[in-house]
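Number of protein chains: 4
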Amino acid sequence: MIVILKKNPDPDQLEGLVAWLEDQHIKVHPTVGAEQTILGLVGDTASVDQDLIAALDIVDEVKRVQEPYKNVNRKFHPDNTVIEVGGVKIGGGSMAVIAGPGAVESREQIMTVAAEAKAAGARLLYGGAFMSRSSPYAFRGLGEEGLQYLAEAKRTYDIPIVSEISDDSQLPYFKDVDILLVSAANMQNYQLLSLLGKQEKPVILTRSFSATYEDFLMAAEYIMAGGNHAVILSESGIRTFEMYTRSMLDVTAIPVIKQLSHLPVIADPCRSVKRAYLVPSVSRSIAAAGADGIFLETHPDPTHAKFDGPQSLSPEVLKETIEAVRRIKAVL
Amino acid sequence: MIVILKKNPDPDQLEGLVAWLEDQHIKVHPTVGAEQTILGLVGDTASVDQDLIAALDIVDEVKRVQEPYKNVNRKFHPDNTVIEVGGVKIGGGSMAVIAGPGAVESREQIMTVAAEAKAAGARLLYGGAFMSRSSPYAFRGLGEEGLQYLAEAKRTYDIPIVSEISDDSQLPYFKDVDILLVSAANMQNYQLLSLLGKQEKPVILTRSFSATYEDFLMAAEYIMAGGNHAVILSESGIRTFEMYTRSMLDVTAIPVIKQLSHLPVIADPCRSVKRAYLVPSVSRSIAAAGADGIFLETHPDPTHAKFDGPQSLSPEVLKETIEAVRRIKAVL
Amino acid sequence: MIVILKKNPDPDQLEGLVAWLEDQHIKVHPTVGAEQTILGLVGDTASVDQDLIAALDIVDEVKRVQEPYKNVNRKFHPDNTVIEVGGVKIGGGSMAVIAGPGAVESREQIMTVAAEAKAAGARLLYGGAFMSRSSPYAFRGLGEEGLQYLAEAKRTYDIPIVSEISDDSQLPYFKDVDILLVSAANMQNYQLLSLLGKQEKPVILTRSFSATYEDFLMAAEYIMAGGNHAVILSESGIRTFEMYTRSMLDVTAIPVIKQLSHLPVIADPCRSVKRAYLVPSVSRSIAAAGADGIFLETHPDPTHAKFDGPQSLSPEVLKETIEAVRRIKAVL
Amino acid sequence: MIVILKKNPDPDQLEGLVAWLEDQHIKVHPTVGAEQTILGLVGDTASVDQDLIAALDIVDEVKRVQEPYKNVNRKFHPDNTVIEVGGVKIGGGSMAVIAGPGAVESREQIMTVAAEAKAAGARLLYGGAFMSRSSPYAFRGLGEEGLQYLAEAKRTYDIPIVSEISDDSQLPYFKDVDILLVSAANMQNYQLLSLLGKQEKPVILTRSFSATYEDFLMAAEYIMAGGNHAVILSESGIRTFEMYTRSMLDVTAIPVIKQLSHLPVIADPCRSVKRAYLVPSVSRSIAAAGADGIFLETHPDPTHAKFDGPQSLSPEVLKETIEAVRRIKAVL
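Chains as they are written, first to last, in my numbering: chain Y, 27 to 358; chain Z, 27 to 358; chain D, 27 to 358; chain S, 27 to 358.
Hints in this document: simulated from the structure, not taken from any laboratory. There may be inaccurate statements among the hints.
Each pair may be met inside one copy or between any two copies, as identical chains are not told apart.
Said to hold, decoys possible - As a list, the in silico DSSO-like pairs of lysine-lysine whose alpha-carbon atoms are at most 27 Å apart:
#1 K201 / K101
#2 K224 / K355
#3 K96 / K355
#4 K101 / K115
#5 K32 / K144
#6 K227 / K300
#7 K332 / K345
#8 K332 / K32
#9 K201 / K345
#10 K32 / K96
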């Protein structure tokens, strides 16, 4: 941590600051210049309150040199984390494809999708049952019944399942669900993150529309700090002034986050681009950037989907997209 | 709602769409041009699924003409909503000042703040006890104990109290709290919004960093759809590329939201600007823009605050800021 | 164009508006609803002033249905534009690789780069001589002398050359330059765009940090309206709250713009990501998204570059990146 | 400047870096920690190339401690700059009101506006003659003729005049113009900034939609580095995801920039909010935040304006707005 002092700092206050830091076993190295004095702090500065120092009269600015996250940080865990679920590996070079409908609509629908998704090359099945919707008047899923149909598809087609969770009251229904998904809207729902930190199942954490890389990694740190180290980071775009798409998918996030963290990184193009015609090319980009997986929304008949229809792939396009993604992965 | 068709739409599909809309009691008025055909839909289009229409092959784009929110919409409720709590009015031309520390730290601290805030002219007392923090290692408040101290301050100084809630498990401790506050991080925590829709207490809903005006109003609609019509909207800035401040406080939001909705609008400069030196001038701006209230963080000794120190006002600056705000309100 | 009227519009004003529109050969189709009346305008609405209508008392909102650009619009030119320069094709499925240093530093340096870039697989050579720099104290290039060295490299290595232009006073020095590049900072320098509209050379137009897709296409329209139809659009990222990179490269822009326009689309990862370690993966993404070309900064010795060093590729990394890009293009 | 080294830096490279810095008369103070080594650089670091250091293999990151601007920096010029034009002071506590039409449309129109604006309390007259328009098909002003009418209004009503300039070819027509305005689109047109640096007239520099505070101040530094120290900074909003308004007016920028720089700061609400109904409240906010001036678009008949009609104030609203602004300024 670097503390930049104002010009001519009060010597008593400066002495007080240095003593307070040394009490916390932080060594202080001053660099005195004509215009500015800088303090270099060395030691376990993660526990020092940066904001508190910044509030002092004699301080101009505080700059963090070390990242505020530990468990997610690649510096302390150089090897890639690989998460295995029902024989499917996520992380470390493979390309895990998750596919399924935004909403489980009926037993028949999810059984059809499961068959089609598996045939198209998907290795994990998604189905929404407790969905986060921005309108109180919108369909929010079949709830427990939806998860039962999803579990039946899992057994019938021998494919691990993924579904969105948003509250502890839903937890009892998720017994058969293999991976719990946190939507972008809940990325900073710290109650939920704390709850998931105590589960023994992998969690897919979706980046919120306004999350910096650090915000995103700090949300993962929340889950890991609770004891659950099986976190998969899902890039899903951020909000920008270009509203042609719902969010702007940030492919650069893929190599950046893989540099900063050892956790697997996947991406969610459908929810970001909102228009199915864009999904194949953006999916290829995601694979080319080095993602560990991809989440594709699909529906037997997108035009009649109850949810997310405009961004869902038909079975044919799903198959073509997965094939293209695998071809790219193969030539990297 | 306006449906813009692609050039030369398939006549069967077009007929199907019109029939489907008419089944929903929507009248369809086509405008046929050389380049484009446009359908004007008239009726209760709020219940028509815009995304579903957009997904049709023959459709180029769908544009909503009516807002997707009803309860919050000024068109259907032309008069300003005024919320009264313990004799304090919020909305309709008054200037409600809420002040208090980011965190209740001790009985002594909150009693001191309550006395100072009241003397400075604040009419409502804030104190955090269950705080949303972006780091799992940060202090998250005294919980139940904090709310007990806050309630004691309420009784001693006869001032209504406000505190942040983030989960239904916390609800039992909020009996004495007069106004429940939803933080920016939880603005799209739909479980929480649904819960608050069933309470009989006013709610301050803080705008999330990535919420458009429509997103913000839809979150309020969630609470109102549950039956609780006492919602206060709090502008707290949005995230932009300028990171000198935590977020960019959007004063234009104040007149815009007052035009779109009848609900009271307040603003939260401290959490937005992050640096106490900016709070007085930004607070004056908020008053000048026509806000119904303001939320100011204060601490007897900001340098030693456990939370939000750099953005908290000292008692003297709090007093000056409230006086300036009232002077501006007086000359409008 | 759609005009949404306020409730109960004044009949005289409405009649006036309709008459004024009909004078401009626009047909007006009204859709009268209980809540709202909508006018559908049909005809050559590109010349109608949308802002003027929006300013009328009786009008609530105006929505454009047709794009405000004509020459760049794929609707009127369904076939891909292919631009050929010195035997190199840009557009229509090929992958044009432009490489070179941010600044021509010396005759020796640009000759070395030309040899290396050509060997690595680049087909066009870039070199900056009149650079847009955000600091008045920064090195702005060798000017005329730089372009002479660049032209010598062109002759020696038989490779077409590209350089940035920012003012008409520079034009005389660009005789040998094959493609003129407009930097992001100048995308809305309308004097410059008008000037380039009168040249007979292809122009690479770089997207500004705050340009929506429409802004970007309108800037291209400026050049085309002047008569120069050889415009290449270069995606270079937009500014967002994540400042780890200089801008956020928007790969989704590639398929979107190719859908909206017939012009070739390339991308400029180096200036966007700012850190060389990110360039290879982002370049692969760009190819996978379907770009017609890519612009890569390279330097024989990035550590000692006078400009853009941190984002420049060494000759080895340039070669690997171009090979990876071509492998991806081959499997699409 | 702070240089953060990677773990276990190569000693030879480190020695080389230190020697290279000392050659530039920079003193280097190392802080060696278990995890990280930090170099504190002291001396005239403004001339050291930060990017070049960042590109070194042994360097993790470089953080600037001092601002890259000198002439605009309040640290080196603690007193407010006050610019005087024709008896009107801009800066240092006064409230300079500039008013006028987006475009001079005719002699009659500008004479009418001049009379109305002066009567309403404006002290400077604006009129556009060479306008930056985002469409090549839009009206770009009367050019030389427009400036002649504007100059006539100046003589008749004894009021200093302001107009937009975008190119050196226009300069001869600006003899009678008192203040030259650079639009947001041209804020990074460095040719134009260099040209204005050699003029002996004050310049209003408008913040571009994607300019950080530092970008904005660096653009002013460009003009000042050329010798022209009469620069007025105009806040005009930045682009965000909320597109209800053209840009988001950033009132916080007013106190921030006044803290960082000694130059006068004004704001331009009309071009930012785009809708006239928002201008009065946003104008009051601007005054309350401490701006040195405000620029208001006005037109005798906004509905029939050739340009910027929807955002122009009628003479009555202009008068009310100026009065409200002055009342607020009086109570600060």
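Status of each hint after checking the structure:
no.	hint	verdict
1	K201 / K101	neither (35 Å within a copy, 46 Å between copies)
2	K224 / K355	neither (34 Å within a copy, 45 Å between copies)
3	K96 / K355	neither (30 Å within a copy, 39 Å between copies)
4	K101 / K115	within (23 Å within a copy, 45 Å between copies)
5	K32 / K144	neither (63 Å within a copy, 34 Å between copies)
6	K227 / K300	neither (29 Å within a copy, 37 Å between copies)
7	K332 / K345	within (22 Å within a copy, 48 Å between copies)
8	K332 / K32	between (59 Å within a copy, 23 Å between copies)
9	K201 / K345	neither (30 Å within a copy, 51 Å between copies)
10	K32 / K96	between (31 Å within a copy, 17 Å between copies)
The structure is inconsistent with the numbered hints 1, 2, 3, 5, 6 and 9, although it conforms to all the rest.
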